[in-house]
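Asks: So the chains spell out like this:
There are 2 protein chains.
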Amino acid sequence: MYRNFRVVPNIIFGRGSFNQLADVIAPHRSQGSYFVFVLDDVFVGKSLEGRIPLVKDDLLLPVNVDDEPKTSYIDALVEQIRTSREGKPDGIVGIGGGSTMDIAKAVSLMLNNPGSSADYQGWDLINNPAVYHVAVPTLAGTGAEISRTTILTGPEKKLGINSDYTLYDQLLLDPELVADVPKNQWFYTGMDCYIHDVESLKGTFINEFSKAYGEKSIELCRQVFLEEHPDRDDKLMMASYFGGMSIAYSQVGACHALSYGLSYVLGIHHGIGCCMAFDVLDEIYPEGVREFRQMMARHDITLPKIAADLDDTALERMVTTALNLVPLWENCLGPDWKELMPRQRCKELYLEM
Amino acid sequence: MYRNFRVVPNIIFGRGSFNQLADVIAPHRSQGSYFVFVLDDVFVGKSLEGRIPLVKDDLLLPVNVDDEPKTSYIDALVEQIRTSREGKPDGIVGIGGGSTMDIAKAVSLMLNNPGSSADYQGWDLINNPAVYHVAVPTLAGTGAEISRTTILTGPEKKLGINSDYTLYDQLLLDPELVADVPKNQWFYTGMDCYIHDVESLKGTFINEFSKAYGEKSIELCRQVFLEEHPDRDDKLMMASYFGGMSIAYSQVGACHALSYGLSYVLGIHHGIGCCMAFDVLDEIYPEGVREFRQMMARHDITLPKIAADLDDTALERMVTTALNLVPLWENCLGPDWKELMPRQRCKELYLEM
Numbered sequence: 536m537y538r539n540f541r542v543v544p545n546i547i548f549g550r551g552s553f554n555q556l557a558d559v560i561a562p563h564r565s566q567g568s569y570f571v572f573v574l575d576d577v578f579v580g581k582s583l584e585g586r587i588p589l590v591k592d593d594l595l596l597p598v599n600v601d602d603e604p605k606t607s608y609i610d611a612l613v614e615q616i617r618t619s620r621e622g623k624p625d626g627i628v629g630i631g632g633g634s635t636m637d638i639a640k641a642v643s644l645m646l647n648n649p650g651s652s653a654d655y656q657g658w659d660l661i662n663n664p665a666v667y668h669v670a671v672p673t674l675a676g677t678g679a680e681i682s683r684t685t686i687l688t689g690p691e692k693k694l695g696i697n698s699d700y701t702l703y704d705q706l707l708l709d710p711e712l713v714a715d716v717p718k719n720q721w722f723y724t725g726m727d728c729y730i731h732d733v734e735s736l737k738g739t740f741i742n743e744f745s746k747a748y749g750e751k752s753i754e755l756c757r758q759v760f761l762e763e764h765p766d767r768d769d770k771l772m773m774a775s776y777f778g779g780m781s782i783a784y785s786q787v788g789a790c791h792a793l794s795y796g797l798s799y800v801l802g803i804h805h806g807i808g809c810c811m812a813f814d815v816l817d818e819i820y821p822e823g824v825r826e827f828r829q830m831m832a833r834h835d836i837t838l839p840k841i842a843a844d845l846d847d848t849a850l851e852r853m854v855t856t857a858l859n860l861v862p863l864w865e866n867c868l869g870p871d872w873k874e875l876m877p878r879q880r881c882k883e884l885y886l887e888m
Numbered sequence: 536m537y538r539n540f541r542v543v544p545n546i547i548f549g550r551g552s553f554n555q556l557a558d559v560i561a562p563h564r565s566q567g568s569y570f571v572f573v574l575d576d577v578f579v580g581k582s583l584e585g586r587i588p589l590v591k592d593d594l595l596l597p598v599n600v601d602d603e604p605k606t607s608y609i610d611a612l613v614e615q616i617r618t619s620r621e622g623k624p625d626g627i628v629g630i631g632g633g634s635t636m637d638i639a640k641a642v643s644l645m646l647n648n649p650g651s652s653a654d655y656q657g658w659d660l661i662n663n664p665a666v667y668h669v670a671v672p673t674l675a676g677t678g679a680e681i682s683r684t685t686i687l688t689g690p691e692k693k694l695g696i697n698s699d700y701t702l703y704d705q706l707l708l709d710p711e712l713v714a715d716v717p718k719n720q721w722f723y724t725g726m727d728c729y730i731h732d733v734e735s736l737k738g739t740f741i742n743e744f745s746k747a748y749g750e751k752s753i754e755l756c757r758q759v760f761l762e763e764h765p766d767r768d769d770k771l772m773m774a775s776y777f778g779g780m781s782i783a784y785s786q787v788g789a790c791h792a793l794s795y796g797l798s799y800v801l802g803i804h805h806g807i808g809c810c811m812a813f814d815v816l817d818e819i820y821p822e823g824v825r826e827f828r829q830m831m832a833r834h835d836i837t838l839p840k841i842a843a844d845l846d847d848t849a850l851e852r853m854v855t856t857a858l859n860l861v862p863l864w865e866n867c868l869g870p871d872w873k874e875l876m877p878r879q880r881c882k883e884l885y886l887e888m
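Protein sequence lines, in the order shown, are assigned to chains L and Z.
If you use this note's numbering, the first sequence corresponds to residues 536 to 888, in order.
If you use this note's numbering, the second sequence corresponds to residues 536 to 888, in order.
Read the hints as simulated data drawn from the structure, not as lab findings.
Note that the structure is predicted; figures quoted are calculated from it, not measured.
Treat the hints with care, as some may be off.
Identical copies go unnamed one by one, so any copy, or any two together, can satisfy a pair.
Stated by the list, open to error - List of simulated lysine to any residue pairs, SDA-like, C-alpha gap at most 25 angstroms: (1) 623 x 613; (2) 718 x 583; (3) 623 x 649; (4) 737 x 550; (5) 737 x 754; (6) 581 x 558.
Isolated chain L (complex conformation) (with noise of 0.2 angstroms):
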């Protein structure tokens, strides 16, 4: 039985196509009704806050992501709206990274389904379609633009609400808004992409449509990381959208299961756990992790320790949160996982890091 997987139906691509978002999404504009653009704070502020396209009731909910989001605050930011506005909003426009994103796509979910966020992480559990929604990144690497999944950190676990309606309606890719973002930030975020590639090119669950996506999107990352061009960050912009794609029909693997326990017990974001959790799985990745370090060194990149603050209750949750991520590890080392990747195996990894 092969997924029958549902993709952003419209697309729009180009240097300055963020010019164009207020003709995007006016087809949708109701009489009376409003849109929320879910902003990166960062932006605040900042030229592309003046350049939001913003009629009368249209409400701009700056967010915060120092933090991954929580679906606490999921929670909140429903409740904002509806409280600061009458009706359900015609549309919600993310605008920012991969947890803003993440947040656009929670908040558009929530405004239709009861209860909350917490309720729904896991698959397929939402019963009614999101409000229209619209990706506009701000960084390439995570896929969140294309993912059907928004990843959440709640009272018990990280986990995303994975369904078909948490996928975008619409993307606008503007790889001028990537120009601006810090080095370091750029730099764990495309790595974001660039271990997808190798997980979903490494793992046992590929075929020739994921191939072709991971295969194409790994050739941008290393043109972007290990070569010069003067558009890398339109090279960047289709790698995160192809390696999205990439996992359709696949999925990631050991390192997104490890920085996934990093993220949960010590609030370490995502792109960075990625970075250090793929450099101690040489064993599992020999080639990856060898252009992996290429790429860091080319960059000036120096990872942090944790091993050392690491106490024992805190590495046996990590561990277990780790090896929760069954699909994950299915794909890396096949059915036999549990033998190849026992508890005190994943221990040690995490010492390395």
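Once you have looked at the hints, place chain Z on chain L.
Replies: Chain Z only, in chain L's frame:
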């Protein structure tokens, strides 16, 4: 201004996925209605026909594609559906090569739009959405499964019905279905894709989005036509899909323009017409034509010659048909294309074929 383009929103890919067709369309069935299965009549009496998941009032509609689809044929098929069943169908499934997929697209549009299909040849002339329609390609290369057009030969011109509504709602890509295609047809249809890619990549309209798709598509074509791979059918299916996506922000060029003249005036099928035209385009696409000839040699392909039989009236009509395709020439030769491709040069190209 960039195009906000629509892509087919649902895809299922995998060997044997044809067995899931009943499940894929099930959510679109309604009480008292029916599905129409548009089937290339070469499959009548073959095992594939027996695998079509017909229920109750469903209509099996074999179509003949010895000639490329005419607007009069579309109108007759729509009439046939209307007279043989009450009410509109829930959906249309096109099972076959590029011509059959184009017929299924056109029929699903014309069931919801008044008049003759010839009235809608052009860009964005369709007013009402099509009936839900599903593509099941049995040939790989045309990109018809992913394009927003259905190419029809009308009383006045060969031109597509270009519209977002033309696009399929669902793709089912089963590489097993292309295994039995006769070698020449496999080659000509595959070359349609290879030539798409060359024309897109060498064109003046190209951007990073179209380049990423086009480059991966051409790489897959090389694997299929210049190497040996056990999964070549999977690769060619992905090449066709990526080749179609590459056109999103690009265009085809000189070869497709010339091939339209061959089809319109002489009734030559699109795939073989593209090969005949490409073979005389050394000056415009030197590397592409060289590689194309390697592919022809490897697969023992000999192209028919037509120049000796051409009278001057036919020749003039072919030149007019080809040169009317302005965007193709603009993409290929830039804004000064009229000086670079006068009628005389175009005529000489036809006389080399």
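Asks: Does each hint hold? Answer for all of them.
Replies: Hint check results:
no. : hint      : verdict
1   : 623 x 613 : within (10 angstroms within a copy, 41 angstroms between copies)
2   : 718 x 583 : within (19 angstroms within a copy, 55 angstroms between copies)
3   : 623 x 649 : within (13 angstroms within a copy, 37 angstroms between copies)
4   : 737 x 550 : between (33 angstroms within a copy, 20 angstroms between copies)
5   : 737 x 754 : both (15 angstroms within a copy, 20 angstroms between copies)
6   : 581 x 558 : within (22 angstroms within a copy, 50 angstroms between copies)
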